[in-house]
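Protein chains: 4
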Amino acid sequence: MHTVFQPGTADHGTTREGAATTRVAVAGATGYTGQELLRLLSRHPAVTLTAAMSSGTTASARRLPALARVWNGAITPLSAETLEREADVVFLALPDSAAAELAPKLVAAGVRVVDLSGAFRLRDGAERGRWYPETHDVPASLAYGLTERERDAVRGAALVANPGCYPTAAILALWPLAPHLADVVIDAKSGVSGAGKTPSERTHFSECHGSLSAYGVFSHRHAVEIEQELGVEVTFVPHLLPIDRGILETIYATVRAGVTEADVTAAYHGAYASSRFVRLTGRDLPEIKHVAHTNFCDIGWRLQDRRRQLVIVACIDNLVKGAAGQAVQNFNVAFGLDEDAGLN
Amino acid sequence: MHTVFQPGTADHGTTREGAATTRVAVAGATGYTGQELLRLLSRHPAVTLTAAMSSGTTASARRLPALARVWNGAITPLSAETLEREADVVFLALPDSAAAELAPKLVAAGVRVVDLSGAFRLRDGAERGRWYPETHDVPASLAYGLTERERDAVRGAALVANPGCYPTAAILALWPLAPHLADVVIDAKSGVSGAGKTPSERTHFSECHGSLSAYGVFSHRHAVEIEQELGVEVTFVPHLLPIDRGILETIYATVRAGVTEADVTAAYHGAYASSRFVRLTGRDLPEIKHVAHTNFCDIGWRLQDRRRQLVIVACIDNLVKGAAGQAVQNFNVAFGLDEDAGLN
Amino acid sequence: MHTVFQPGTADHGTTREGAATTRVAVAGATGYTGQELLRLLSRHPAVTLTAAMSSGTTASARRLPALARVWNGAITPLSAETLEREADVVFLALPDSAAAELAPKLVAAGVRVVDLSGAFRLRDGAERGRWYPETHDVPASLAYGLTERERDAVRGAALVANPGCYPTAAILALWPLAPHLADVVIDAKSGVSGAGKTPSERTHFSECHGSLSAYGVFSHRHAVEIEQELGVEVTFVPHLLPIDRGILETIYATVRAGVTEADVTAAYHGAYASSRFVRLTGRDLPEIKHVAHTNFCDIGWRLQDRRRQLVIVACIDNLVKGAAGQAVQNFNVAFGLDEDAGLN
Amino acid sequence: MHTVFQPGTADHGTTREGAATTRVAVAGATGYTGQELLRLLSRHPAVTLTAAMSSGTTASARRLPALARVWNGAITPLSAETLEREADVVFLALPDSAAAELAPKLVAAGVRVVDLSGAFRLRDGAERGRWYPETHDVPASLAYGLTERERDAVRGAALVANPGCYPTAAILALWPLAPHLADVVIDAKSGVSGAGKTPSERTHFSECHGSLSAYGVFSHRHAVEIEQELGVEVTFVPHLLPIDRGILETIYATVRAGVTEADVTAAYHGAYASSRFVRLTGRDLPEIKHVAHTNFCDIGWRLQDRRRQLVIVACIDNLVKGAAGQAVQNFNVAFGLDEDAGLN
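Protein chains in written order, with this note's numbering: chain S, 1 to 344; chain P, 345 to 688; chain G, 689 to 1032; chain X, 1033 to 1376.
Here chain S stands alone, though its shape is the one from the complex (with noise of 0.2 Å):
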């Protein structure tokens, strides 16, 4: 049986001003996700760091050469023992297949896991498994984390599913809306970070300066993920935009017959009301700018009244609310800690 996880229960260091802090480890710390982890973990006021690991070979604090004086320990090989012994919770920002191995064991050990890998996203056995067959053991107490929907369930739960970059901006901007709502279509646009540091012909700066092309259409993991948060079909298609970071996803949808755009900015602002990282825009869209290394989700919208066309627009950073800030604010959560503690 898996324990059900008590908030603000570890209790192994402590901050310059004598509270308690948490000990924190990332495992896969050389990538863009997990550098971004070590850049707002290294100024958590309630964090220790205790251990950066990573898969691979070369894996060297030379490498990381933005990071210095930002954090200034040694990336360490993953040790899953190393883990268990130093860390209260670890963040997994390693490919799928390693996460899937490691996070039960991480989670049978007692140690709290916030895993940003799709390996447990899906909840649908048949579909995880033609999705991320590499999954084979799925810890019973596991919250999806998409932060503002799930405070509850990330709470209490031993293992967090960090959600996909593109599933973050469209869960935030459909969820309050959905019974209002048929149609749906996300027209959805990313910077190249959110392909990894991996270097291929894709992600070559030639290949993409200068340009825009559509992939993965019909035939996304993250599409699978939003239907099952949303509960109706969407039709999404991902770009490759020529930035380093950053999504903006242009959402269309039909409202329902009577749907005002002031009934959309109710279900908003009452979906949102107490949620500091979703900003609403109203009829001002965002911009990809004005969310660019921060947390939050801005979200803007409109309604044609006599087609009931609605669009929405909605924009995150992919590393930082579609990956390391929402998984640091899933930390905040599960430990009781202020949600934007470390994050501003």
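Rather than coming from a laboratory, the hints here were simulated on the basis of the structure. Careful, some of the hints might be misleading.
Calculated lysine-lysine pairs in the DSBU-like style (CA-CA distance at most 30 Å, straight line) [said to hold, decoys possible]:
| no. | chain 1 | residue 1 | chain 2 | residue 2 |
| --- | --- | --- | --- | --- |
| 1 | G | K885 | G | K793 |
| 2 | X | K1229 | S | K197 |
| 3 | P | K541 | G | K885 |
| 4 | X | K1229 | X | K1137 |
| 5 | P | K541 | P | K449 |
| 6 | S | K197 | S | K105 |
Just so we're clear, the structure is a prediction, and the values are computed from it rather than from any experiment.
With the hints as your guide, set chains P, G and X onto chain S.
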């Protein structure tokens, strides 16, 4: 009464090989579209470029360093009299209001006109009055110059209204399929050169770089132009992409029951069998990089049978096929030349 | 007579933890530097941000969507009286002429000033009159705020003239070595945000994207500032780089006979042993990416012994270490705070 | 013995107008330089493109969507026999080692070669052995193909070694002035396409975008090539610029006493009076944007008399004048064609 022009009747110069050439002038030569026209026309084998004019007060050849040795003529102040005297055909790359005033004069003087402004694109008087109130006098011998669809009309027209950049890609992608489709959504992304050469906060480098934004939702006049040509309402949202040139449009539609991907493919191949500048890429979706600096429109598509959901991706270079290149293509058709003369 | 200020004497508020805070205002809050100041100061633990003013007529919080929930105050019209009444220290991110007029007034009223304009950077009256003719009244208690070199002067100054962005990188890279060097050439490259927020042809997106240009050859006032601080003439050529933020300077010099790479290394380590924000990368040359959005100045170098040719590369973020970050660093020093307060 | 070739003797096809054409092949057709060669040669009026080969295993026309309808031939596996049989001249856009092996074979078989690799650029055996150890057999009839300076040599050579991209701009900027100069520093910045099409960490989009870095300090073989041609030592530092194509070099030198800016101007105009592809911009310094996608080299300069400090700025498109365009220019000269044939 306006004359119906006959192709190939102009005969005022000769090429190096001794063939007849046409006297051509550009009005509005210093903007991005105007410069592209100079670049194309200066190497066109059947053209003698007799004048390049600008309505700006400080216009001079010094302002066009990119064109040194490409085109060595002087930029002169705009003069309708000179145009009438020295040109058989005038390309107008002027603001809407200047084109609205100048085009009818030139046509009345027997000069053929390819107008790259929006002044004469809308046929319906009420719509035109709403979106282009500066247009008062519309010549009778007028063609909407989407070349691939309107060759016959272009051939005999005194005035060719060159299509807008967004409509060019959208209509080429949609008209062959129009009878099969419903619920059309056009998510369009354009490079910043589409906004012209006049500095503004929106097109300031630091506002665009690393960002993406939607604009003109439910209020862009290109939507009206697309709807005019397709005969159906569409949802159209343009975005400002952090690149210089190129448009990619991702188009979503529902196909009528029974329509298969093979039907879509057949419709496209039927429509464009003899169109050199439309490249059909099928299930391999096109990218902006492949059409930049060319007159091609690349179109790819995928159909999800179960949900009858069609996704089409169309790409053009907004300054070439979306403006100057298509204008030259229309000129070629109008004067009985090879359709690709000067465009390779 | 101008007072010599004592650090840490201001005491007009409290932090969450109960410590004293300083009342701080920003004049010129809507430009890129002003926004960066708001971002840094709003999360500074020892600051109470009492006013953010703009001299523009249409200034409003709506114009700063990136700062929503980061700083929720209103942008108000520029008022010297309010600044004198409500602030212990004012950061001026104004045009030179406005700063030249306002700074002496504030100092006379006993308000300390960190001026990010160029108005007070040049000490020599003749040079200042040539490059900054709008500066008439220069407070006596003045420090040139290159923090790493001028901590003592900054501590006691009523007015800190924050260095220019190019000079910050150049002087940090050169002053520890100045006695060893001759024939200094500084090839400087800056992101476009260094040119400010006002649109212009030079900073129009389509003019910069995919391009690079040199400007201000033999006529840039930052060269004069660099020469003032180093005491030698330099050749300085700035370039406009197609990125938003960041400066990289490649510096060429001949070393005196007998100087080795080890000597260079020792000089740097001696100069910056206690400087948290200077990272010495040795033979691994720094990149803009590693300093973007930070207050670091990264410096690397290589010496070719045979020809006594030294190449130094220095990088900063022009809006942080090159402007707002160094201004906050100077504030920290001036008020006896940790030098990195609010800058992590 | 190697034949001394005569221009214009090849005669194996006809243009549309009935003129003789030359049978041309490209070996290494799928890289960026190879694609640019196909683009240029496919529209060259005096060329019949008989083969395009790739040494890669998966080469196919499908991999070159940008060239559909520009060049419709198939990419075939590399075959020396086929090249010897079907081509009068072969352009080699291969890795150094492949070119080092293939070029002598082709020359021995009486096929003329324009080699775009570095294998044959260095004349000194010791230097060549150090920088290009894979080069063993150097044909006697060899020219270094900086066209503007070497027309006579190119005309009679069996093998033209096309210059490197950085050397092209540097030598064009410096050789007319060489007797007047000392202390030459070349600060060179190149778009990422100069690094080729093979993905790597250094050319990964997210590593380059928004950044700038120096590399190859005191260890770049292009420095050796520049020094060979100029006969003086230079300091050369290349940088990786976040653009796709284009090189800008800022060159610093001291002029001999008494040399004026007018002398510099006269030297340039004397050297390039009959060179169509060198544009002298004088005190208006050139920008990459003006030469992108062209075969021009733009050169501007300013001299500070008092310090005898000369600053020169030279720009080229690295894939055109820095590679494929200059190769075609050399071909034109070698075969007695107009020097700009196919390059407008």
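Right, here's what the structure says about each hint:
Distance restraint check for K885 of chain G and K793 of chain G: the Cα-Cα separation of roughly 26 Å lies within the 30 Å cut-off, and the hinted pair is therefore satisfied. Straight-line distance between C-alpha atoms of K1229 of chain X and K197 of chain S comes to about 17 Å, which keeps the hinted pair within the 30 Å bound. With a C-alpha separation of about 17 Å, the suggested pair K541 of chain P and K885 of chain G falls inside the 30 Å cut-off, and the hint holds. For the suggested pair K1229 of chain X and K1137 of chain X, the alpha carbons sit about 26 Å apart, so the restraint of at most 30 Å is met.
For the proposed pair K541 of chain P and K449 of chain P, the alpha carbon gap of about 26 Å is at most 30 Å, so the pair holds. With a C-alpha separation of about 26 Å, the suggested pair K197 of chain S and K105 of chain S falls inside the 30 Å cut-off, and the hint holds.
When the structure is compared with the earlier hints, no violation turns up for any of them.
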